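Going down the list, the protein sequences come from chains H and G.
Heads up: the first sequence is residues 1 to 187, going by the working numbering.
Heads up: the second sequence is residues 1 to 719, going by the working numbering.
No lab work stands behind these hints, which were simulated from the structure alone.
Small disclaimer: the values here were computed from a predicted structure and weren't measured.
Glycine residues also receive a C-beta, built at the ideal position from the N, C-alpha and C atoms.
So these bits of chain G aren't anywhere near chain H, every CB distance computed over 12 angstroms:
1. Y9
2. P20
3. V170
4. E452
5. L471
6. E487
7. D561
8. R564
9. E712
If you only want the chain H side, here are some residues facing chain G, beta carbon under 7 angstroms, derived:
10. E102
11. T109
12. L128
13. V131
14. P143
15. D144
16. A147
17. T150
18. S153
19. R160
20. V161
21. H167
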Amino acid sequence: MTSSEPVTQFQKMAAQAGSHLVRCLDAVALADYIARHAGGTILFPSFPSGRRINLVELLRGQGCEVVTDHFRSAAPLAAAGVTGANFALADTGTVVLDSTEEPLRLASTFPERHFVLLDPRKILPDGLAAVGLLRALHRRRSPDFIAFITGPSRTADIERVLTIGVHGPRELHILLLEGLSDDPLES
Amino acid sequence: MPKQRARRYRRRIATALAAPRLQDALHRFGDAYLAARERAFAGLDFESLRREIVALKDEVGRDRPGYLAEFIRNAEAAGAQVFQAADARSANEYIRDLALRRGARLAVKSKSMASEEIRLNAALEGAGISVVETDLGEWIVQLAGQRPSHMVMPAIHMFRDEVAALFGQVTGRAEPPEIEHLVRVARRQLRQAFLEADLGISGANLAVAETGAVALVTNEGNARLVATLPPVHVILVGIDKLVPTLDDAARVLRVLPRSATAQALTSYVTWIRGPVPGGEGARELHIVLLDNGRSALADTPECRDALRCLKCGACANVCPVYQTIGGHVFGHNYIGAIGTVLTASFNGLEQAAEMVKACIGCRACVAVCPAGIDLEEIILHLRGRLGRAEGIGLAKSLVFRRVLRNRRLFHLLLRSAARLQKPVTRGGASIRHLPLYFSSLTEWRTLPAIAERPLRDLIPDQDEQLRAPRLRVALFGGCATDFVFPEIGLSLVKVLNHLGVAVSYPREQNCCGIPALYAGDPATATDLARQNVKALLADNPDAVITTCPTCTAALRKHFVDLLREDPDWAPAAERLAALTVDASVFIAGQINGEIDWPISPGDGVVTYHDSCHFKRSCGVWRQPRELLTAAGWRLAEMPRSDRCCGFGGSYSLTGHPEISREIAKDKINDIIRSGASTVATDCPGCLIMLRGALEKRGLKIRAAHTIELLAETLAGDAD
Chain H
1 MTSSEPVTQF QKMAAQAGSH LVRCLDAVAL ADYIARHAGG TILFPSFPSG
51 RRINLVELLR GQGCEVVTDH FRSAAPLAAA GVTGANFALA DTGTVVLDST
101 EEPLRLASTF PERHFVLLDP RKILPDGLAA VGLLRALHRR RSPDFIAFIT
151 GPSRTADIER VLTIGVHGPR ELHILLLEGL SDDPLES
Chain G
1 MPKQRARRYR RRIATALAAP RLQDALHRFG DAYLAARERA FAGLDFESLR
51 REIVALKDEV GRDRPGYLAE FIRNAEAAGA QVFQAADARS ANEYIRDLAL
101 RRGARLAVKS KSMASEEIRL NAALEGAGIS VVETDLGEWI VQLAGQRPSH
151 MVMPAIHMFR DEVAALFGQV TGRAEPPEIE HLVRVARRQL RQAFLEADLG
201 ISGANLAVAE TGAVALVTNE GNARLVATLP PVHVILVGID KLVPTLDDAA
251 RVLRVLPRSA TAQALTSYVT WIRGPVPGGE GARELHIVLL DNGRSALADT
301 PECRDALRCL KCGACANVCP VYQTIGGHVF GHNYIGAIGT VLTASFNGLE
351 QAAEMVKACI GCRACVAVCP AGIDLEEIIL HLRGRLGRAE GIGLAKSLVF
401 RRVLRNRRLF HLLLRSAARL QKPVTRGGAS IRHLPLYFSS LTEWRTLPAI
451 AERPLRDLIP DQDEQLRAPR LRVALFGGCA TDFVFPEIGL SLVKVLNHLG
501 VAVSYPREQN CCGIPALYAG DPATATDLAR QNVKALLADN PDAVITTCPT
551 CTAALRKHFV DLLREDPDWA PAAERLAALT VDASVFIAGQ INGEIDWPIS
601 PGDGVVTYHD SCHFKRSCGV WRQPRELLTA AGWRLAEMPR SDRCCGFGGS
651 YSLTGHPEIS REIAKDKIND IIRSGASTVA TDCPGCLIML RGALEKRGLK
701 IRAAHTIELL AETLAGDAD
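Let's have the full structure, built from the sequences with the hints guiding it.
Printed below as a string of structure tokens:
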């Protein structure tokens, strides 16, 4: 059952939070979008939905420079990071990513651009609905580093003027594609 | 020495007041916050949300050791090393020793108020470890050598050109004062620190007992880098951040960002359990659970609700005193109302004394606190403790104990003052200029004259009022209505008589005692409570009407609290409380839409000022507006109608008149913005302030009590 309501609300709230949201026709279109917006080297950690659509090959096929190991040394020079998402929250436009593995953390925190692959079937209504999943993620094994990401990094510390892009990514691109994954315990 | 301390504090206040840029920053911030907060909570039931927070925080309070043990167990099972720091010293020692053992030269920090509390940076730097703040606001104040002036926005008091100058010192270049550019500079400069640091130190917003995880609620992304890049991560978290379950954590998250920064959710909420994998060598996570006075606070019944605090900063954002003097003056490690309470608890009453006295008691904080903490009540309790510890001053002591408690003497002095004041009132209703030493009191407002004849002399007997009244009520005038504005009392009699209600004025009634209570003399307040309970119940009235909401709060709440332990008086106090009702509420109840409000419609446009105690102690704001509208007035709301007028009782005379002045100025400006020719209020105290400030500025706007305006629309004789 694809309920369109959470998706619509998610799109609206994600946009309000400053995210770029794209509904992709297929994996090729998704790769094309990333290729056009990456602006440089792409950090690409290994994650199930990415593997499922062979995204690394697709991106390299588009002429992108894709880094798949030695992330620590590559991170300072990368322009973009690509990850999946475990699930998402519609009421705040939030994507949730279990980023315990360091490559995932580096890809989602260091470069200026973060591209997130999200299957719209994994969009939940709100944070309270997500507690069960959060609990399941916590119980699997430790350690855990689970990130709720709502838009790009921001600050209003100087004169209360909102500025997008501080230490975290300056741009958050959420790419919706059905068929990526139906399991909220994987990204 | 209290006197020297007070003098020093006044100098700091004066410095803050004389900094127009600070004033500008604080005002813009405060005004913007109110609007943003309203949008953030739109469509949500704030009362219900905060009841949930109260419930979950109090649940932790019920068994803090148990939840602490559960958290530690789960955190350790996930591989974290947990250290319970009893105080600042042991927390600093642990972190410092850890850093030295690991050979750490550089530490990067994300925002942690707990680290400010224990002065962690100084402890580390003393051991030769460099500490770099990475939160933008924290880095700015670090470079400036200052302390943060707000919990959530540490550099709210600084401007872009100051920041540009600071950053220029770091980069060695002239940096343009453009905010986007400055943020880029910070990103570039601090990147290297993230990569090179040996140690990452962060705070945490939540510690979840169920899972042993902490949650960091952030926007900038620096906390994530601090938690992810250095090989050792230290999380310093107060034990008050504990919540029982993930569901409870989700409840806090629904409220915290909306209250703190008016966001539905921050850019990042990061759940960290155990040390993250990565890099070379073993990664470490150390969780330092900080007590530093929190358990002791839990054992203090009057103050323990403060442990519910989510550290959102809303209480400071809405505080008129904070908006006037800022967080460096109205704050210590923590700022605003919660800062006052925590400073008293963690650093001692003496350290908090001036902040306690600087609170004007407007309860704006109580209205917005998402954790349901009655901050003003706690501060009032601290005033009592301060009064016992330091005394309240000889003059006040004499006035309260020798004069106020002795009704006949008190009233005799007032009557004498009415005669002796002629040289300064010149027969008028207000004092425009006081001479010499007292001249500062009338520099920016006029003071009311004492009425030539008090209300108690003027009010007609009940039998003269009505032959066969439906109801007989007693009027508790309060000092202001009795001796300064008797016309309010006479207006009330006129209106009530019209409704078939006769009014008696029990002559034994005395001051409600609030001035003594707020000055830290609960003993006098208790004595006055007994006097008034006896006087008002003597003739068995159907109701007791008040024309001052501060008096209402006294009769309905404070008398009951003060006499609770006295079995001879407690039941009577409860009876009086049950009988007491504000004039506007009573009239609105009597009218009930049935009686045709007669004759001449009100003249022109009126704006309504919500007195602090009326709206936020008595919970009344609709009835006066309904009455005025029913009487034919056109109501034009002013912006921030419920923001304090600056009176605060003796605050505006002897406490902090310099702060009152600024608050009153803001209120007058808002009244002007309404475009109304009249401002109505239900509090004689507010009336003194508003009339005083309006008159001194030569403005033609009239300030009047709601009851006066109602009486004017009634045909027939006045008094």
